[in-house]
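Trainee: Let's have the full structure, built from the sequences with the hints guiding it.
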Amino acid sequence: MSDLLLPPEQRFAKEIEHRKNEDGSELTILNLGPTHPATHGIFQNLLLMDGERIVDGEGTVGYIHRAFEKIAENRPFYQITVLTDRMNYCSSPINNMAWWMTLEKVLNIEVPKRAQYMRVIIMELARIADHIICSSVMGVDTGALTGFLYVFQYREKIYEIYEEICGARLTTNMGRIGGFERDWSDAAWQKINAFLEEFPAVWTEFENLLTRNRIFMDRTINVGGISAEKAISYGFTGPNLRAAGVDYDVRVMQPYSSYEDFEFDIPVGKNGDCYDRFCVRNAEVWESMKIIKQAIAKLPEGPYHADVPDYYLPPKEDVYNTMEGLIYHFKIVMGEVPVPVTEVYHPVEGGNGELGFYLITDGSRTPYRLHFRRPCFIYYQAYNEMVKGQMLSDAIATLSSLNVIAGELDA
Amino acid sequence: MALEYTYIQEKLEEKFGAAIKSTTVIQEMLTVELEASKNLEAIEFLKSDPKLRFNFLTDVCGVHYPDHTKDRQFAVVYHMHNWMDNVRMRIKCFLPGDQPEIESVTAAFLSANWQERETYDFYGITFKNHPQLKRILNMDEMTSFPLRKEFPMEDGGRTDKDDRFFGRTSNCN
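These protein sequences, in sequence, are chains A and B. When you line the first sequence up against this note's numbering, it's residues 1 to 411, in that order. When you line the second sequence up against this note's numbering, it's residues 1001 to 1173, in that order.
Check each hint, because a few of them may be wrong.
[To be verified] List time: in silico SDA-like cross-link candidates among lysine to any residue, alpha-carbon distance up to 20 Å: (1) B:Lys1047 - A:Val246; (2) A:Lys70 - B:Lys1149; (3) B:Lys1149 - A:Thr366; (4) A:Lys230 - B:Glu1044; (5) B:Lys1011 - B:Tyr1065; (6) B:Lys1134 - A:Lys105; (7) B:Lys1134 - A:Gly62; (8) B:Lys1149 - A:Glu9; (9) B:Lys1134 - A:Glu9; (10) B:Lys1149 - A:Arg365; (11) B:Lys1134 - A:Tyr154; (12) A:Lys388 - A:Glu229; (13) B:Lys1134 - A:Asp3; (14) A:Lys191 - A:Lys298; (15) A:Lys230 - B:Asn1055; (16) B:Lys1134 - A:Thr60; (17) A:Lys14 - B:Gln1132; (18) B:Lys1128 - A:Tyr154; (19) B:Lys1134 - A:Pro8; (20) B:Lys1134 - A:Leu46; (21) A:Lys70 - B:Pro1050; (22) B:Lys1038 - B:Gln1027; (23) B:Lys1128 - A:Leu6; (24) B:Lys1011 - B:Ser1022; (25) A:Lys105 - B:Val1087; (26) A:Lys230 - B:Arg1053; (27) B:Lys1128 - A:Leu4; (28) A:Lys70 - B:Asn1138; (29) A:Lys70 - B:Phe1151; (30) A:Lys191 - A:Glu229; (31) B:Lys1134 - A:Gln44; (32) A:Lys270 - B:Trp1083; (33) A:Lys230 - B:Asn1138; (34) B:Lys1149 - A:Lys298; (35) A:Lys105 - B:Thr1024; (36) A:Lys105 - B:Gln1027; (37) A:Lys388 - B:Lys1128; (38) A:Lys70 - B:Ser1144.
Simulated from the structure, these hints should not be mistaken for lab results.
Mentor: The following block contains the structure:
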């Protein structure tokens, strides 16, 4: 049996014994997690340390595994959105929209332009919220708490926009098959406009605080780097891959929801280290703002959802007052809707990489199989290799720069 | 024009002949059913061929088909992506119901490591020559494979909750 199959603590104990006999050095095991504040979520890293330096490590994940793929096989399609927003809970609208788009691909539904643009706006807001968390937490983990408290106020403002749109803040459960559940209120638009007006100054100040900060640069440059080839082999996507210099972005490669209508750049880094990841995310926030502004300026008039009574829940007045409304409502809620037998893989650019839904339908009310391609599950496996030979404090910075979200990691 | 599906199909058939069991286009994605024993070879070929250039392994997952014949009870599905020509494709390998076993593709793509562990964890599909084939999301002591269709959603061994009171028949006795 290979040593790798042993529980990590046993494997490390062997290594400690071996090194002790070899040159008398004393290695120790350090438990980083499962509830360490720097892991920002529940996953464990057992590290084999030589003083402050990491010799080896092994990650244990699955602490908040909730069997979403199994649950999804037993639920009608509308009840699966609530599972998706519990994956990457920092940018749940992206997950929701990705799920609707997967279903629309299966059901061949054309979404009106207005709804597509609204989706773009909400997805980009979610991306900004995601990057606010990641970038500011990187500051926290390297010792700069101020920026974090300052920009978190604006994440709160984004959550207020969600609240105005769908009523929820963190786990949004937003949208319907074919569009949105209601048109956005004036208050929502006002909040979006206010955010676009106030946020640039805040983000500039945040960037000024950290980007050329000597301490921050020392802590992040040439720390936790990964080469482009390695990153591709490890399945990196999103900002982490772009920091290594590869300009792969699903929004451009396979535009969905009318992303082809907007002008924006894909920021790329060079070295793939923590600092580049930080800079790429910060630049992406600006690009997202650009996209939102264009989407608002170009927002067409028209319906906010597709005309698909088979799948789109009827308005409540109809449900209570007409027979047809009640029948449609009942059929949709119970999942008795026609679904073709097919399989679809639909990728979107999530907050931390390519988020994909692989859906196999067999014509029944539930998916036959639903697999989530969760970007951070795939790239987190590179973590141990990235931190090997580094100092412990660098491992913390690397972890927070990767934007690993435990909910998504464990599904 | 960039890479055509017919070209990929021809190339694969030329190289692997009868191991390519079928080629279809499902919802605009090329889907190739491949003999399970050829998976690593095919993926390495798709990756290294100068024209095909499928440089990225997007996703690996398992599927359980209990209603299929004995030799096609499980499937391992690979999604691959060529970034230069922007073409995606799907490879399906069917495996028998008892002792499903397939070659690991970690030799071609490092990202397959955890994804294959996940597939093993949930379906019990063994990946030969995998560097570290052990459970990943479930606990090591577990003996069943929860994403198999016969695995019940509710834990049958629970005594603290009587399902009859919730309108369901108890499945523990």
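Trainee: So, for every hint listed, does it hold in this structure?
Mentor: Results for each hint:
1. A hinted pair counts as satisfied when its Cα atoms are at most 20 Å apart, and B:Lys1047 with A:Val246 qualifies at roughly 18 Å.
2. The suggested pairing of A:Lys70 with B:Lys1149 holds, with an alpha-carbon distance near 9 Å, which does not exceed 20 Å.
3. Distance hint between B:Lys1149 and A:Thr366 is fulfilled; the C-alpha atoms sit about 13 Å from each other, no more than 20 Å.
4. Simply put, A:Lys230 and B:Glu1044 have alpha-carbon atoms about 16 Å apart, close enough for the 20 Å limit, and the pair holds.
5. Restraint check for B:Lys1011 and B:Tyr1065: the C-alpha separation of about 29 Å exceeds 20 Å, so the hint is violated.
6. Restraint check: the Cα-Cα separation between B:Lys1134 and A:Lys105 comes to about 35 Å, which exceeds 20 Å; the hinted pair is violated.
7. Among the hinted pairs, B:Lys1134 with A:Gly62 is consistent with the structure: their alpha-carbon atoms are about 13 Å apart, no more than 20 Å.
8. For the proposed pair B:Lys1149 and A:Glu9, the alpha carbon gap of about 34 Å is over 20 Å, so the pair is violated.
9. About 15 Å separates the Cα atoms of B:Lys1134 and A:Glu9, which keeps this hinted pair within 20 Å; it holds.
10. For the proposed pair B:Lys1149 and A:Arg365, the alpha carbon gap of about 16 Å is at most 20 Å, so the pair holds.
11. A threshold of 20 Å between alpha carbons decides the hint, and for B:Lys1134 with A:Tyr154 the separation of about 42 Å lies outside it, so the pair is violated.
12. For a cut-off of 20 Å, the pair hint linking A:Lys388 to A:Glu229 stands: about 18 Å separates their Cα positions.
13. About 12 Å separates the Cα atoms of B:Lys1134 and A:Asp3, which keeps this hinted pair within 20 Å; it holds.
14. With a C-alpha separation of about 18 Å, the suggested pairing of A:Lys191 with A:Lys298 holds against the 20 Å cut-off.
15. Under the criterion of a C-alpha separation no larger than 20 Å, the hint pairing A:Lys230 with B:Asn1055 is consistent with the structure, at around 12 Å.
16. Between B:Lys1134 and A:Thr60 the alpha-carbon distance is near 11 Å, which keeps this suggested pair within the 20 Å criterion.
17. Among the hinted pairs, A:Lys14 with B:Gln1132 is consistent with the structure: their alpha-carbon atoms are about 17 Å apart, no more than 20 Å.
18. For the hint pairing B:Lys1128 with A:Tyr154, the CA-to-CA distance comes to about 50 Å; that exceeds 20 Å, so the pair is violated.
19. With a C-alpha separation of about 12 Å, the suggested pairing of B:Lys1134 with A:Pro8 holds against the 20 Å cut-off.
20. Among the hinted pairs, B:Lys1134 with A:Leu46 is consistent with the structure: their alpha-carbon atoms are about 16 Å apart, no more than 20 Å.
21. In summary, the hint linking A:Lys70 to B:Pro1050 is not supported, as the alpha carbons are separated by about 40 Å, beyond the 20 Å threshold.
22. In summary, the hint linking B:Lys1038 to B:Gln1027 is not supported, as the alpha carbons are separated by about 25 Å, beyond the 20 Å threshold.
23. Restraint check for B:Lys1128 and A:Leu6: the C-alpha separation of about 18 Å stays at or below 20 Å, so the hint holds.
24. Simply put, B:Lys1011 and B:Ser1022 have alpha-carbon atoms about 14 Å apart, close enough for the 20 Å limit, and the pair holds.
25. Taking the CA atoms of A:Lys105 and B:Val1087, the gap is near 18 Å; set against the 20 Å cutoff, the hint holds.
26. For the proposed pair A:Lys230 and B:Arg1053, the alpha carbon gap of about 16 Å is at most 20 Å, so the pair holds.
27. Between the alpha carbons of B:Lys1128 and A:Leu4 the distance comes to roughly 15 Å, so the proposed pair stays at or under 20 Å and holds.
28. This hinted pair checks out: A:Lys70 and B:Asn1138 have alpha carbons roughly 13 Å apart, not beyond 20 Å.
29. In summary, the hint linking A:Lys70 to B:Phe1151 is supported, as the alpha carbons are separated by about 9 Å, within the 20 Å threshold.
30. Straight-line distance between C-alpha atoms of A:Lys191 and A:Glu229 comes to about 42 Å, which puts the hinted pair past the 20 Å bound.
31. For the hint linking B:Lys1134 to A:Gln44, the alpha-carbon distance of about 16 Å falls within 20 Å, and the restraint holds.
32. About 19 Å separates the Cα atoms of A:Lys270 and B:Trp1083, which keeps this hinted pair within 20 Å; it holds.
33. Among the hinted pairs, A:Lys230 with B:Asn1138 is inconsistent with the structure: their alpha-carbon atoms are about 28 Å apart, more than 20 Å.
34. Under the criterion of a C-alpha separation no larger than 20 Å, the hint pairing B:Lys1149 with A:Lys298 is inconsistent with the structure, at around 48 Å.
35. Taking the CA atoms of A:Lys105 and B:Thr1024, the gap is about 18 Å. The hint holds against a cut of 20 Å.
36. This hinted pair checks out: A:Lys105 and B:Gln1027 have alpha carbons roughly 8 Å apart, not beyond 20 Å.
37. For the suggested pair A:Lys388 and B:Lys1128, the alpha carbons sit about 27 Å apart, so the restraint of at most 20 Å is broken.
38. Annotation: proposed proximity of A:Lys70 to B:Ser1144 holds, straight-line Cα distance about 14 Å (limit 20 Å).
Comparing the model with each numbered hint stated earlier shows that hints 5, 6, 8, 11, 18, 21, 22, 30, 33, 34, 37 do not hold.
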